[in-house]
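In order, the protein sequence lines correspond to chains A and B. Per UniProt numbering, the very first residue in the first sequence carries number 1; after that it's consecutive. Per UniProt numbering, the very first residue in the second sequence carries number 1; after that it's consecutive.
Calculated directly from the structure, the hints in this document are not laboratory data. Computed from a predicted model, the values in this text were never measured in an experiment. Even glycine gets a Cβ: it sits at the ideal position worked out from N, Cα and C. Be careful, since some hints might not be right.
What the hints assert, rightly or not - Restricting the straight-line Cα-Cα distance to at most 20 Å, the calculated cross-link-like pairs of lysine to any residue (SDA-like) are:
hint: 1; chain 1: A; residue 1: Lys356; chain 2: B; residue 2: Ala46
hint: 2; chain 1: B; residue 1: Lys255; chain 2: A; residue 2: Lys432
hint: 3; chain 1: A; residue 1: Lys203; chain 2: B; residue 2: Gly321
hint: 4; chain 1: A; residue 1: Lys203; chain 2: B; residue 2: Thr131
hint: 5; chain 1: A; residue 1: Lys203; chain 2: B; residue 2: Thr140
hint: 6; chain 1: A; residue 1: Lys235; chain 2: B; residue 2: Ser229
hint: 7; chain 1: B; residue 1: Lys432; chain 2: A; residue 2: His206
hint: 8; chain 1: A; residue 1: Lys235; chain 2: B; residue 2: Val230
hint: 9; chain 1: A; residue 1: Lys352; chain 2: A; residue 2: Ala293
hint: 10; chain 1: B; residue 1: Lys6; chain 2: B; residue 2: Leu54
hint: 11; chain 1: A; residue 1: Lys340; chain 2: B; residue 2: His206
hint: 12; chain 1: B; residue 1: Lys175; chain 2: B; residue 2: Arg72
hint: 13; chain 1: B; residue 1: Lys340; chain 2: A; residue 2: Met204
hint: 14; chain 1: B; residue 1: Lys352; chain 2: A; residue 2: Met204
hint: 15; chain 1: A; residue 1: Lys151; chain 2: B; residue 2: Phe259
hint: 16; chain 1: A; residue 1: Lys203; chain 2: B; residue 2: Gly144
hint: 17; chain 1: A; residue 1: Lys352; chain 2: B; residue 2: Leu214
hint: 18; chain 1: B; residue 1: Lys233; chain 2: A; residue 2: Ser229
hint: 19; chain 1: A; residue 1: Lys432; chain 2: A; residue 2: Lys366
hint: 20; chain 1: A; residue 1: Lys203; chain 2: B; residue 2: Arg191
hint: 21; chain 1: B; residue 1: Lys4; chain 2: A; residue 2: Glu353
hint: 22; chain 1: A; residue 1: Lys255; chain 2: B; residue 2: Ala228
hint: 23; chain 1: B; residue 1: Lys85; chain 2: B; residue 2: Ala46
hint: 24; chain 1: B; residue 1: Lys352; chain 2: A; residue 2: Asn212
hint: 25; chain 1: A; residue 1: Lys432; chain 2: B; residue 2: His206
hint: 26; chain 1: B; residue 1: Lys4; chain 2: A; residue 2: Ser427
hint: 27; chain 1: A; residue 1: Lys352; chain 2: B; residue 2: His206
hint: 28; chain 1: A; residue 1: Lys255; chain 2: B; residue 2: Val230
hint: 29; chain 1: A; residue 1: Lys105; chain 2: A; residue 2: Ser117
hint: 30; chain 1: A; residue 1: Lys255; chain 2: B; residue 2: Arg138
hint: 31; chain 1: A; residue 1: Lys352; chain 2: B; residue 2: His8
hint: 32; chain 1: A; residue 1: Lys203; chain 2: B; residue 2: Arg138
hint: 33; chain 1: A; residue 1: Lys4; chain 2: B; residue 2: His8
hint: 34; chain 1: B; residue 1: Lys340; chain 2: A; residue 2: Pro207
hint: 35; chain 1: B; residue 1: Lys4; chain 2: A; residue 2: Asp351
hint: 36; chain 1: A; residue 1: Lys340; chain 2: B; residue 2: Gly153
Stated by the list, open to error - Cβ pair distances, simulated, as ranges:
hint: 37; chain 1: B; residue 1: Glu15; chain 2: A; residue 2: Glu101; range: 39 to 45 Å
hint: 38; chain 1: A; residue 1: Met204; chain 2: B; residue 2: Ile148; range: 50 to 56 Å
hint: 39; chain 1: B; residue 1: Ala324; chain 2: A; residue 2: Val67; range: 55 to 61 Å
hint: 40; chain 1: B; residue 1: Gly28; chain 2: A; residue 2: Leu93; range: 47 to 53 Å
Number of protein chains: 2
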Amino acid sequence: MFTKFKQHLDQHFPEVSHQLVLIAVSGGLDSMVLANLFKEAGYTFAIAHCNFKLRANESDADEQFVVQWAQRHHIPIHVKKFDTKQYATSHKLNTQLAARELRYKWFSSLVQEHSYSAVLTAHHADDALETFLINLSRGTGLDGLTGIPEKNGAIVRPLLPFSRLELKSYAEENKLEWREDSSNATINYLRNRIRHTIVPNLKMMHPEFLHNFLRTQTYLRQNASLVASVIEKSKEELFEKDGNVITISIPELRKLHPFELYVHELFHPYGFSAPSVLDLLSSMSGKQLFSDAFRLLKDREKLILKSRDFSEVSQVLWDNGIDAITLTNWALTMETVMGKGETSSNCIYLDKETLKFPLLIRKWEKGDYFYPTGMQGKKKLSKFFKDEKRTLFEKEQQWLLCSGKDIVWVIGLRADRRFLASTTSSSVCMIKAQSLS
Amino acid sequence: MFTKFKQHLDQHFPEVSHQLVLIAVSGGLDSMVLANLFKEAGYTFAIAHCNFKLRANESDADEQFVVQWAQRHHIPIHVKKFDTKQYATSHKLNTQLAARELRYKWFSSLVQEHSYSAVLTAHHADDALETFLINLSRGTGLDGLTGIPEKNGAIVRPLLPFSRLELKSYAEENKLEWREDSSNATINYLRNRIRHTIVPNLKMMHPEFLHNFLRTQTYLRQNASLVASVIEKSKEELFEKDGNVITISIPELRKLHPFELYVHELFHPYGFSAPSVLDLLSSMSGKQLFSDAFRLLKDREKLILKSRDFSEVSQVLWDNGIDAITLTNWALTMETVMGKGETSSNCIYLDKETLKFPLLIRKWEKGDYFYPTGMQGKKKLSKFFKDEKRTLFEKEQQWLLCSGKDIVWVIGLRADRRFLASTTSSSVCMIKAQSLS
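Isolated chain A (complex conformation) (with noise of 0.2 Å):
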């Protein structure tokens, strides 16, 4: 593996050779392989290990690992201490994505300061292929499937033609120390069964599945490449720029062509899915949607695109696909899932056929009710605030999703009992409320 390593790095990235770079190490098998790959190289290198401090004792371990390798090869170490959850939380984001940004946030800052030429990191060609498949699992467009680039910037991924395998094997035979993450075995429980039960039978397939795929991806990232440069274009046209306010010509919009994936190409970057803008092209003028941070408003035969004022909104409209919707306080998710699990004021379960998309996400009106779980019957939302002690100040700030003119949830309060999934829904959604206030 040495052999082959050294001369795609030669080929590819020649510059390292000569050059200072800084290497991601995290203390696991693939990190610890690209690390001694560059020591038994020769290359001059230093090391950065982030500790997310996500899994208590065993980060601080990993730390310690990572350190004392550095120290006794004499490779210069930069460590740095994260609160991870914290972060997450302030920036509503999912705890992966947290540690994402951190990191790269912090390669960035090491690199402007100390002049290293890249950043290395570790993926290989059956990181690519899993997340591939995730993404496929989930469905997804072209993006999704064009997986990681080799270079972007200053990130370089010089194992990303080989397999864990290869790793695994030199590590085996270099008698490499590394640490096992423990969350491989949860958090990515996901992962672990493509790895096991559907990596090994797609590589029997052909004997040259990896490198193919990987073939393959450059290609669709050439596709990919060659759609966002035509929709960059469109977009320069299209868009007319008014201060904070983009004007769309709507005749000019259905001029593109496949429509369908402009609609896409064009609002997805502003929080709104293709079917829902698709919806309000066919609606009557005046008609607008939401988003977590724009709103557009069809307005005869223009769109107007606006940042959004979230003191006046009133309604929010939520497409089945869209994963994540933020409102004034509340955090909403929404997943398919296999089953139904316990309901409870902050997390439901639904049965996806008795809905009716998109769902709407309104303030209370003069007469609503909903038949709430735990009671037998119908209720005012009137009376059902009264009996559970809130003001009418509460009932006003209170959002309600909704299914038609049919209340579904009293969000982060109480489900009504006609849309929850029971044992036989053969499509269940999960739907969780985080509360921001």
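Chain B: place on chain A using the hints.
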């Protein structure tokens, strides 16, 4: 399933409920389900059955089965027998492609003659997923991942949103009869392995895996359509036609981005791979490439593309990734395989790592020698031909497969020992030669 099918049909193909359509029925599970669903819906339709005569008595029994079903239910039926093997040979196609061509040509003539409004085939979601995985395993571009659309001209595939399991359940609940195709177990070995070992595990990754997969394919198709229209436009600008000769400005070609994608899309239809064209672009003026039907000449700052005149050809380049190549009197195919088999005069197994691509196919030159299998040491080609009692004319007509300056194979006659795969070869390619004379 019937209700869901009828809803899907009414929503996406409302015209089929009151028009006369043609259903392609092989007699297998899928097409028998489609025909029975139509019967249950009370729609008017006729049946077309192709007898490809590929499985002797079994093919005739299939035909009889479908004819009897149609007669029993008073459904008009068209039956046609094809000499598929003969067609495959005369059109230089593999059997599967030949059957496909024959089938769609016949359907098209039936539509013309009898004014059917559409031809319906029974492809379902699992078919689409299996094809996707096969193409992925071989390495593919965007087109190989987009799959078959629900509607393509007159062809409609109304079962595409349904899984094989749904079809099977419907067939069992309604006590349908169908014929099992014995070649499913043999010809489609790979497809069967995918069906039983890979697909069930993929479906366990997500409760809506198949649905999400079909949605992804729809997106990919939209992307492919956008890419195709962009490429077509640049082709119109770049390819200057004068009679049978097309001239392409190299500086203009080089302005395109992503360059490799454009090169692939522009020249692949003429049988030239992107790597070989990139190689040509960096070669001296005067060098040329040959494909089955075209030649591409670098002439200073231009590429000249024209139909190929076989009589003058003496050299052909065969690049890695090109599956098949046709010479004046031989059809050659190259395939990467799991391990070596028995080398014969018409089929050789090579150690891919010993080869220098593109391979060169050329005629005899003075001084040519090789290391024939079954002999010791090297031998002059003229001596070899004399010993084998071949004429001078035969020697001059003989094609030689070469890696750089070395002869790899005296095509259809004798292999060279140096390039043959051994049991330890990590990458083996099988090259087959079929005589066309």
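Consistency of the hints with the structure:
1. A C-alpha spacing of about 38 Å is found between Lys356 (chain A) and Ala46 (chain B), which places the hinted pair above 20 Å, so the restraint is violated.
2. For the proposed pair Lys255 (chain B) and Lys432 (chain A), the alpha carbon gap of about 50 Å is over 20 Å, so the pair is violated.
3. About 19 Å separates the Cα atoms of Lys203 (chain A) and Gly321 (chain B), which keeps this hinted pair within 20 Å; it holds.
4. Straight-line distance between C-alpha atoms of Lys203 (chain A) and Thr131 (chain B) comes to about 16 Å, which keeps the hinted pair within the 20 Å bound.
5. A threshold of 20 Å between alpha carbons decides the hint, and for Lys203 (chain A) with Thr140 (chain B) the separation of about 16 Å falls inside it, so the pair holds.
6. Taking the CA atoms of Lys235 (chain A) and Ser229 (chain B), the gap is near 18 Å; set against the 20 Å cutoff, the hint holds.
7. A C-alpha spacing of about 19 Å is found between Lys432 (chain B) and His206 (chain A), which places the hinted pair at or below 20 Å, so the restraint holds.
8. Only pairs whose Cα atoms come within 20 Å are accepted, and Lys235 (chain A) paired with Val230 (chain B) is accepted, the gap being roughly 16 Å.
9. A distance of roughly 27 Å separates the Cα atoms of Lys352 (chain A) and Ala293 (chain A); the hinted pair therefore is violated under the 20 Å criterion.
10. Distance hint between Lys6 (chain B) and Leu54 (chain B) is unfulfilled; the C-alpha atoms sit about 35 Å from each other, more than 20 Å.
11. Under the criterion of a C-alpha separation no larger than 20 Å, the hint pairing Lys340 (chain A) with His206 (chain B) is consistent with the structure, at around 14 Å.
12. The suggested pairing of Lys175 (chain B) with Arg72 (chain B) holds, with an alpha-carbon distance near 16 Å, which does not exceed 20 Å.
13. This hinted pair checks out: Lys340 (chain B) and Met204 (chain A) have alpha carbons roughly 16 Å apart, not beyond 20 Å.
14. Note on Lys352 (chain B) and Met204 (chain A): the hinted pairing holds, with a Cα-Cα distance of about 19 Å set against a maximum of 20 Å.
15. Restraint check: the Cα-Cα separation between Lys151 (chain A) and Phe259 (chain B) comes to about 17 Å, which is no more than 20 Å; the hinted pair holds.
16. Only pairs whose Cα atoms come within 20 Å are accepted, and Lys203 (chain A) paired with Gly144 (chain B) is accepted, the gap being roughly 18 Å.
17. Distance check on the hinted pair: Lys352 (chain A) and Leu214 (chain B) sit about 19 Å apart at the alpha-carbon level, within 20 Å; holds.
18. At roughly 15 Å between alpha-carbon atoms, Lys233 (chain B) and Ser229 (chain A) fall within 20 Å of each other, so this suggested pair holds.
19. A C-alpha spacing of about 26 Å is found between Lys432 (chain A) and Lys366 (chain A), which places the hinted pair above 20 Å, so the restraint is violated.
20. Of the supplied pair hints, the one linking Lys203 (chain A) and Arg191 (chain B) holds, its CA atoms being roughly 14 Å apart against a limit of 20 Å.
21. For the hint pairing Lys4 (chain B) with Glu353 (chain A), the CA-to-CA distance comes to about 13 Å; that is within 20 Å, so the pair holds.
22. At most 20 Å may separate the alpha-carbon atoms for a hinted pair to count; Lys255 (chain A) and Ala228 (chain B) meet this at roughly 17 Å.
23. Among the hinted pairs, Lys85 (chain B) with Ala46 (chain B) is inconsistent with the structure: their alpha-carbon atoms are about 27 Å apart, more than 20 Å.
24. Pair hint Lys352 (chain B) plus Asn212 (chain A) holds up; C-alpha atoms about 15 Å apart against a cutoff of 20 Å.
25. A threshold of 20 Å between alpha carbons decides the hint, and for Lys432 (chain A) with His206 (chain B) the separation of about 19 Å falls inside it, so the pair holds.
26. Between Lys4 (chain B) and Ser427 (chain A) the CA atoms are separated by roughly 15 Å; this keeps the pair inside 20 Å, and the hint holds.
27. Under the criterion of a C-alpha separation no larger than 20 Å, the hint pairing Lys352 (chain A) with His206 (chain B) is consistent with the structure, at around 15 Å.
28. Between Lys255 (chain A) and Val230 (chain B) the CA atoms are separated by roughly 15 Å; this keeps the pair inside 20 Å, and the hint holds.
29. Simply put, Lys105 (chain A) and Ser117 (chain A) have alpha-carbon atoms about 16 Å apart, close enough for the 20 Å limit, and the pair holds.
30. For the proposed pair Lys255 (chain A) and Arg138 (chain B), the alpha carbon gap of about 37 Å is over 20 Å, so the pair is violated.
31. Restraint check for Lys352 (chain A) and His8 (chain B): satisfied, since their Cα atoms lie roughly 18 Å apart, inside the 20 Å limit.
32. For the proposed pair Lys203 (chain A) and Arg138 (chain B), the alpha carbon gap of about 11 Å is at most 20 Å, so the pair holds.
33. Distance hint between Lys4 (chain A) and His8 (chain B) is unfulfilled; the C-alpha atoms sit about 53 Å from each other, more than 20 Å.
34. Restraint check: the Cα-Cα separation between Lys340 (chain B) and Pro207 (chain A) comes to about 12 Å, which is no more than 20 Å; the hinted pair holds.
35. A hinted pair counts as satisfied when its Cα atoms are at most 20 Å apart, and Lys4 (chain B) with Asp351 (chain A) qualifies at roughly 17 Å.
36. The hinted pair formed by Lys340 (chain A) and Gly153 (chain B) fails the criterion: a straight-line CA distance of about 43 Å is larger than 20 Å.
37. Take Glu15 (chain B) and Glu101 (chain A): their Cβ atoms lie about 51 Å apart, and the range 39 to 45 Å is violated.
38. At roughly 26 Å, the beta-carbon separation of Met204 (chain A) and Ile148 (chain B) lies outside the given 50 to 56 Å, and the hint is violated.
39. Evaluation of the 55 to 61 Å hint for Ala324 (chain B) and Val67 (chain A) yields a pass: the beta carbon distance comes to about 57 Å.
40. At about 50 Å, the CB distance of Gly28 (chain B) to Leu93 (chain A) agrees with the hint of 47 to 53 Å.
Violated hints, listed in ascending order, are 1, 2, 9, 10, 19, 23, 30, 33, 36, 37 and 38; each of the other numbered hints is respected by the structure.
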